[in-house]
Structures are given as C-alpha cells and as structure tokens.
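Given chain H, work out where chain U with the ligands should sit, using these hints.
Top to bottom, those sequences are chains H and U.
Number 225 in full-length UniProt numbering belongs to position 225 of the first sequence; there are no gaps in the numbering.
Number 201 in full-length UniProt numbering belongs to position 201 of the second sequence; there are no gaps in the numbering.
Hints listed in this document are in silico derivations from the structure and should not be mistaken for laboratory results.
Just so you know, even glycine gets a beta-carbon here, dropped at the ideal spot from N, CA and C.
All clues given are correct.
Every beta carbon over 12 Å from chain U, so not counted as near; a handful from chain H, in silico:
(1) 29
(2) 64
(3) 176
(4) 215
(5) 240
List time: in silico SDA-like cross-link candidates among lysine to any residue, alpha-carbon distance up to 20 Å:
(6) 67(H) x 130(U)
(7) 181(U) x 192(U)
(8) 181(U) x 194(U)
(9) 67(H) x 57(H)
(10) 67(H) x 129(U)
(11) 181(U) x 16(U)
The lines below spell out each chain.
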Amino acid sequence: MIEFRSVRKEYADGTVAVGDLSLVVPERSTTVLLGSSGCGKTTLLRMVNRMVDPTSGTVLVDGRDVKEQDRVRLRRSIGYVLQAGGLMPHRSVLDNVATVPRLEGATRRAAHARAAELLEVVGLDPALGRRYPGQLSGGQQQRVGVARALGADPDVLLMDEPFGAVDPIVRADLQAELRRLQAELGKTVLFVTHDVDEALRLGDEVVVLRSGGVVAQQGTPAELVAAPADDFVADFLGLRSRQRQLSVREQDGRRLVVDADGRPVGVLEGSLEGSLEGSLEGSLEGSLEGSLEGSLEGEVPGA
Amino acid sequence: MNLFLDAWRWLATGSNWTGDGGAATRLVEHLLVSGLVVGIAAIIAVPLGVLVGHTGRGRTAVVLAASAARAVPTLGLLTLVALATGIGLTGPVVALVVLAVPSLLAGAYAGVESVDRVTIDAARAVGMTEAQVVRRVELPLAAPLLVGGLRSATLQVVATSTLAAYTADVGLGRLLFAGLKAREYDVMLASALLVVALALVLEGLLALLQRLVTPRTAAPAEHARPARNAHPSSTVAEKSPTERTS
Ligand SMILES: Nc1ncnc2c1ncn2[C@@H]1O[C@H](COP(=O)(O)OP(=O)(O)OP(=O)(O)O)[C@@H](O)[C@H]1O
Ligand SMILES: [Mg+2]
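Okay, chain U solo, but in the shape it has when bound:
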C-alpha cells in the first residue's frame, strides 16, 4: 500500500485527466489564475518599483508597504475579501495579488537602483530624455533583477493558488480539497505533485528568460583570434556573427 504509487497510478489513468473537472482542466485553470494574478501584480508593482528606483523618492514608504504586505496572512485576507464580495474569484485573486506584489516591487526597484549612477548620469548628459533613460538604460540593465522578482512571485503564486478553491471552483486546489473530503489521499498527493511540477516548469522557463534578458556586456568569443594587435582589423570584423538588435 504505497501512497506514492497510488498517486502515480491516479495520474497515469487517462480518464482522470479528461472531462469537466479533470486534471487537465484544473491544471489549465491553475495556470490561468496564476497568470492573471501575476499579471495584475506586475501592472501594479513594476511601474511603481521602476519609478521609485528611477527617482529615488518614496523608497522608505515602498519598503515599508512591501514588508507589511509580506506579513499579511494570505488565507486570512482571502477570507476577509470573500466575506465582502461573496463566493467567486475576487477573494483569492486579491489575496494572491497582495502576495505577489512585494517580490515584484523589490525586483523592479532593486534592479533600477542597481544601475551604476555614472551610467545614468552619462545617459542624461548625452541628451536622453527621462523616458529614454528609463527605457534604454535603466530597464535593460535592471532586467535580470526584475525577472528575478517575477520568478519568486510566480513561484509563490503557483504554490498558493490552491487556495483559490476555497471560494471558487477553479484550479488544482479543487482536486486537493475533493480528495481531502473523500479521504482519497492518492488524489490529494497527485494534485500536490501537479502543483509542484507546474511550479518547477515555470521556474525553469523563467530562469531561461532571466538568462535571455541579461544584457550582453561582452561580444561573442572571438575564436582562435590572432594575438592582440597582430592583425588589428579584418579578422575580427568578419568573425563576430551577430549584432544585438536593440
């Protein structure tokens, strides 16, 4: 009587995946809710974080608010909002947005703040407008930390989106709660494993994205290049294959 084996068997059974409340639907729902939440949180947090990082103003306030938001118990907030708005997605979405905002905010403003002041000063000095300084200098250089914030927010939200099933008929949390009710522990474990798997896949994709957005600060390796200054021009010019488009 191995629980893991049972869970595996449940997952391997095709009929468990299909149909209205099947695992496939739940997985997609889970992904959609998580995406919605992270999207809303990003719309709130990223511009705010970039603004704070760019101007250096309101930093203390934002740090305080973010710490406060981190301290809010998600389940408690969900219940409160649900009591006010009734059954449905609003409660979980609000609670999860509050969960996701601090990481995104921190990533955005830490990213912008990490950009060398001299670089920003120079950008301004050669005649970039404030918007151009943000778009062409701060955002590209902040991107790795910004995506880092997105990564941790996504991880938290995907793991916690199971709570959405408290007040709405969506997500992998449904399977979890259904299993709990019916004492079908294999179903519970199977859905938990699905949450973990989803989180891991997203984590991998976002890690890849993070690598992609890391600005290049070195030209591609110049293979078998003759000694410096030996043949100064031609060889190098022909070898480097790509030019970064901006």
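This is chain H alone, in the form it adopts within the complex:
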C-alpha cells in the first residue's frame, strides 16, 4: 500500500508541482494517475522512491514513512519504469535487467538466469538479452524497462508512461500484457499516463489530476465515466467528444456501435432479446456514455 498524506512539492524555482494531495493506493491493485502534461504526475510518482522529496507532507509505503528509510534500500525495493526509458546504453539488455539483483549481491550467473526469465515474462525473446539497448526498437526498450523494474521482485511498481514511445498497436499489446502480468503477479502498481483510454483500460482506480497536482476525481473507470464530478473531468475524459458519444445502429443483422459522426467503433455483442433490449432502448436516443467498458470489442470494421 502507498499512501500520500497532504503532500506538497514546490521546486527551487517556485513551481508548485503538487499542491496538497492525499491519496491511498491499495495493495495489489493498479491505480492510474491521469492528467495532462505538467500536472505533477512524475513528481508524485518520484516521491514514492524518494527521487523527489516532498516540501511538506508524508509518503508511506506499507505503513512506513519513506523519509525514515534509506534511499538506496528503498529504491532497490521498488520497481520503477522511467518515463524516458533510462536503460544503460553501455550494458547489454541482460545486464540492464539484472541491475538490481546484481547490486543486491546476486552472482552474475544467477542474476542473468533470472533476467532471461524476466525477458520472457515481458514477452521478449531472451536471445535479445545480449544486444545493447541501442539495438532495440522503442517498444522493445520499454519492455526491457518493465523487466528491469521487476528485477528484484518488488511489491510496489511505479510506472511512468511506460508505453509512451510506441505506436497504438504495440501499445495495446503492451497494455494487454501488463494486465495479464498484473493478474499473475498482483503488485501494487502506481501507473502514470495522460492517455485516457490507457487509464480506463488499466486502472482499478483512476485519479484524474488537474494542473498543480490537485485531485479532480478519483474512482473506478466505470464510476468516472458514469458520473464525472465536474466539467473538467468530463472534458478531460472526452465524454463530450463526438468519438465517445456512442449509439447503436443495426446493419446486416449486427448491432454496430457508432460515434456521433456515425463512424463505427465496434460491435455490440450478447443476447439482444433479453434484458439488454430494454436498456438499449433507452440509450439509443442519446448516447451510450458509461457503458464503454466490456461491451466494445474495440475493433473498427474495415480499418
């Protein structure tokens, strides 16, 4: 569990990155910090492993104030996927993934064996291990970043826009893989993104931040979409954008979900006779706000 208690961060130049924020990240769940660029997401994340010290307030990991813990020990016990990747260019991929176990005194052999396993866990061919980061694609590097973060088998995982540098298809792939991983490993994950779809897809809880590190709303993805607290959240989630104003249209015997411009975004599955029928009736008029989750396949026919 991670807990922020009234944390504030004012940088030396007077920038207030985080105003006064309190937040609990429950054990074994994924909490997503969602907000636009510069709203303090990275700052918050780095408070957890003491890469940033809050100006005031406390951060607790598993009930212990991080300020009272040794920085180096703390950092080794927390997995951190950096926004910019941050792999060591002069070390092989395998060495990169083995970094923390090696620092902790594991033998080279043991650390490498574990690293090779981790490459597989994140869906990379272990043969890539002997390459150098510069010889990998952006998406492969990001997977290596995730593997490195998993290196010491941490309970807490901080992920700062880990899938930022890849195209939408690879991104969706990585997101699916993270969900699978999370289902298997059950880490406490604090995940930062400015991508609404990513937040809704990955978060058990989503925290929408406005600039200056202020919580605009916190809730499950369904809660946010169903009942945005205010215009800011509704706008940020894009609930009023034409792409999220969904309705159902019948074509060739199938029910297409289309956006406000009539562009198809998916197919409505499930029994059309029973209970669904009634609920659809009502929403056909306006939009399908809130029922995004689960019902959409996400595939765009003909794309």
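Frame of chain H, contents of chain U with the ligands only:
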C-alpha cells in the same frame, strides 16, 4: 652535406646509444619523467574533473583555473620554481604538471558531463549509490573523452619534457642542449627526432587505448543472421561469441 643524413647516421651508430649519457638512457629518462608528470597531473586532475562533472558544482571555477593554467608559460614557471628549489627535477616536474593538468581536467569533466542525464537519473532511481553511479555509469561512459584528455596531455608533456634538461641531467633535452653547445646540429636534430618518434608511438598507443575503453553499445555483428523474427531464438544465442565482463 645533408643534416638529415647526418642525424640519421648519428642515430644509426650503436655507440651513441650505449653508455651513461647515451641515447637509450636519455630516451628511458624522458619516458620516465613524462610518465611521472602525467601520473601526478592525473592524480590531481581526474578526481577533480570527475567530481565537478558528477556534481555540476564548481564548474566555472575549474574552467577558469584551467584556462589560467594554460596561459602560464612553462619555461617561466620552471625557472621560478627552480630558483626556489634549486637545481633538480622539482622545477621541471612542477611546470610540466601545470602544463598537463588542464587537458586532463577538461577531459575528465567533459566526459562525465557528456553522459546523458536520463541515464544517470535512472541509475540512481534503480538504487545505485553515488559511488556506484560514478563507477558503473559515469566513468565507463566518460572513458573515451577522459582518455582523450590523457592523450593530449601526454603529447604536450613528451614534447615539452626536453625542458627538464635545463635544471636536471635527464631526458632527451640533454642531448639537445649538448648538441647546441657543441654546435653539433646532427645530434640536435637526432634528439629532436627521437622526441617526435616517442610522441608518435605514445599517441598511437593511447589512440588504441581510447578505442579499447570506448564502451560497447552494440553487440558483435550477427553474421548471416536470418531475417528478423524468422527464427527468433536459437541462432542468435549461439552466435554471439563474447560477453563483456564488467
Ligand atoms: N526539477 C524541477 N525543477 C523545477 N520545476 C520542475 C522540476 N521538475 C518538474 N518541474 C515542474 O513541475 C511541474 C510538474 O512536473 P512533472 O514532471 O511532475 O509533470 P508530469 O505530470 O509528469 O508531466 P508530463 O506528462 O509532461 O511528464 C511542471 O510544471 C514542471 O515544469
Ligand atoms: Mg512526467
């Protein structure tokens, strides 16, 4: 009457190389003095340069001091120190150290400073101590520029170590001054050529060293590798011969 031919003849005469003040002894002395000077300069400059590069503090002061040191006339400083300490090696060594420090300092701190901030931040973030950040990340990545500084310092010192003969009975400078005194221009030219040759050899060796310390950022070429993704695992794993030891 060709001076170069005479110099060559002098160099080719075995008896000129042997004995107490022979060319061989002078060459070794020259090398030892240069080595001593570069060694002392490195002990002073490299840690300081790495510290400045690592912390980013004191940069202006160091740049200023290095420029000032560059402006000091070596011969003048040598004379001053020699006047204070008397005849011997102290004067030339001090003067030559002052000559060598700026290049080494610049190489060290420019090298460390050139390391990507993101890489250093990441090293810290995964739990390296400051010492580990320096040893495992900054120094390896700074090594090429650092050795570059060593290279130019060595070149300057080897060329200028002839001055040591002003106040001490050492080095190839002795032959140079002896030739000057006796108007034996072939000896002068021969010793000058020896200095140049020594400088060139060291330059070659250090260039090689520079190549050796340049960190690998690419695995050895994977020859005749099947198309990407075609056979993902086995082939690659067997082919790459070496693993860099750290
Ligand atoms: N070291 C620093 N010194 C001064 N200001 C900083 C520093 N780091 C961040 N800031 C400022 O603090 C604010 C929050 O920065 P932060 O990096 O936390 O944003 P972010 O939400 O992660 O943005 P992005 O999505 O672009 O990564 C920004 O206004 C930024 O300019
Ligand atoms: Mg950020």
